[in-house]
Amino acid sequence: MSESPLRIALVGNPNCGKTALFNLLTGARQKVANYAGVTVERKEGRFVTPSGRKIRLLDLPGAYSFESSSPDERITRDLLLGRYPGEAVPDLVVCVADATNLRLHLRFVLEVKRLGRPAVLALNMMDAAKRRGIVVDVPELSRQLGMPVVETVAVQRSGAKALIDLIDRSETQAPHGDPHPENADDLHAAVRGILVAAVTIPRATDARDDAIDSWTLHPVIGPLILAVVMFLVFQAVYSLAKPVSDAIGDGFGWLGAQAGAILPDGPLRSLVTDALFGGVGTVLGFLPEILVLFFFILVLEESGYLPRAAFLLDRVMLKVGLTGRSFIPLLSSFACAIPGVMGTRSITDPRDRLATMLVAPLMTCSARLPVYALLIGAFIPHRAILGVFNLQGIVLFALYVAGIAGAMVVAWVMKRLRRDHREHALLMELPSYRLPRPRDIAIGLWERGAIFLKRLTGIILALTVLMWFISTFPSPPAGAVGPAIDYTFAGYLGRVLQYPFAPLGFNWQISLSLIPAFAARETAVAALATVYAVAGGDGDTASLGYALAHNFSLASALSLMVWFAFAPQCMSTLAVIRRETRSWRAVVISFTYMFGIAYVASFLTWQIATRLS
Amino acid sequence: MLLTDLARGALACVARVRDAHERDPIAQRLRDLGFVPGEPVRVVARAPWSADPLLVQIGSTRFALRRAEAERVTVEEVGVAEGSAA
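Heads up: the protein sequence lines correspond to chains C and X, in order.
Numbered per the numbering used here, the first sequence finishes at 613, counting up by one with no gaps.
Numbered per the numbering used here, the second sequence finishes at 699, counting up by one with no gaps.
These are computed hints drawn from the structure, not numbers from a lab.
Quantities reported herein were computed from a predicted structural model and do not represent experimental measurements.
Just so you know, even glycine gets a beta-carbon here, dropped at the ideal spot from N, CA and C.
One or more hints might be untrue.
[What the hints assert, rightly or not] These stretches of chain X come out as covered by chain C in the derived footprint (C-beta under 8 Å, 3 or more residues):
#1 616-622
#2 634-643
#3 646-653
#4 656-663
Could you build the full structure based on these sequences and the hints that come with them?
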């Protein structure tokens, strides 16, 4: 068939399983989670029905109501009304409703119906509804709503069959029956009437959720559970991932040595062994740590625990001028500030959103881990504290705490400075608990691992080679006495940069590594590896930590770690802030305040540490 | 009585949602989410610090509401035996 594809839009309340249904229909790789507002981007997919009909499926942002001023809900409404610039009106609207939460979700279905567009209802999560003994009289519900109704189970492979069949039969007429009333109270009354006629709900809540919540939200035990969960995650990053990381580092060292044995002596051999195998291997070695961290964030997100954590922390976050909702974007920022900044779209309030975005880069992202891991490994002794914890883990934990504390102070200062003191709402839904599905976790990990590797092969590889080039050429003149690197471009650049950074205890090699670190923090490790491998003339990047420990002091190392905790780094983060706020003002504010804090904090660290030692 | 004064686990019905000021978007949102007269409501949990926010069950959904938000909702307590259906 050569007809143009049928445009279908998926709409529904947050947490109705819309994103999972979208993935099932299109096979698109997209994050599935049951936290309110995860579907904040425009997502489109294509699929072909069994009869050969081409479908363009649009996944619209989740919405509770069209009455509000939230940007997500405005997009959804405008698009369905054909008022959204550059978007055609959908031919068919598929309303998705959680069958276990019809009291809330049907009201929105009635709002959609009021728009008068051709619509069908997908009753999602029918498996959970059956487990809880909820009985839906589908023909009666369809009659009451005046639109076709099908059952779906988005987390099962064949769970959308009824919906696909319905689309195939192209029953796309506008809903019939009485137009439902305008007034909010009357819409609710209409929902109650429909529920009485078509749905039996034995119990308003899931007994399982009640039981879990009585522990996780307990005023004393709840925060304890949260603290233990967070602490275990950070310990796990160190103890689970470290052996794998070491093995990868050793493997690349061995490969480099093998390649070096084949190649003739000269610049090419040094490029391959030092820059390619050395630099890339060092950075790649941190992939296990990043994946372990992402694994825990994904599990917490998918299980429904994260909104509970937001509930427990709202009061504290509010005190410093944020909101409980800031918790999720800030936690994501521990993996990377970019998804964190983008995740602030789930904060409906513009003021809270901007505040969260400005402090998100202070959270210790995974790209800082390589730098921390290198410096901690080289300068902090591997010593057991109280029998179970090790000193290195505690220093890492302290660096994470420094980032969090810095963010709280900055948010609090911003709260004091701003003029708008109006009330801003929390109003956050706590969804049912769900068992995280291994497939969703695997897809999430795959996506994140791929992003890291793409950056590795792209920016990081290019910068590694560039670093190798400027630290190799020009060669020292004949009869030169100092180390070869002193005569190179890198030596020159580093010596210029060391003047502004000398008060922080940075030597010229460190100052030099800050340049690629602005492109991507983790490249600082590769840069140091390149510079020191060349300077030391030994080419073995596995002993980079050893080389560092003999080239600068503990005070400088501490100062550099503090610099990395606060500095405005990674231009991608600044670019994403620009894109999300559409203003350079936010970018300039972020850069300036972070540079200021980093400079002062590193200065103090170095001054104090040199006096104490 | 106000929703904030309701004992944890006690069953009540929403009496009304009061606008804190003219054209109060938070009150409007509460009504959209199901806080309408006659709807069964229950306080499920209170957060550790200053009992703020509250976790409120309305219909079959749970919402975290800050005290300032929950104070907009007036409720009438009902017997424990009735009103368990959604």
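Verification of the supplied hints:
1. 616-622: With 0 residues close enough to chain C, the hint is violated.
2. 634-643: holds (count 5)
3. 646-653: holds (count 6)
4. 656-663: holds (count 7)
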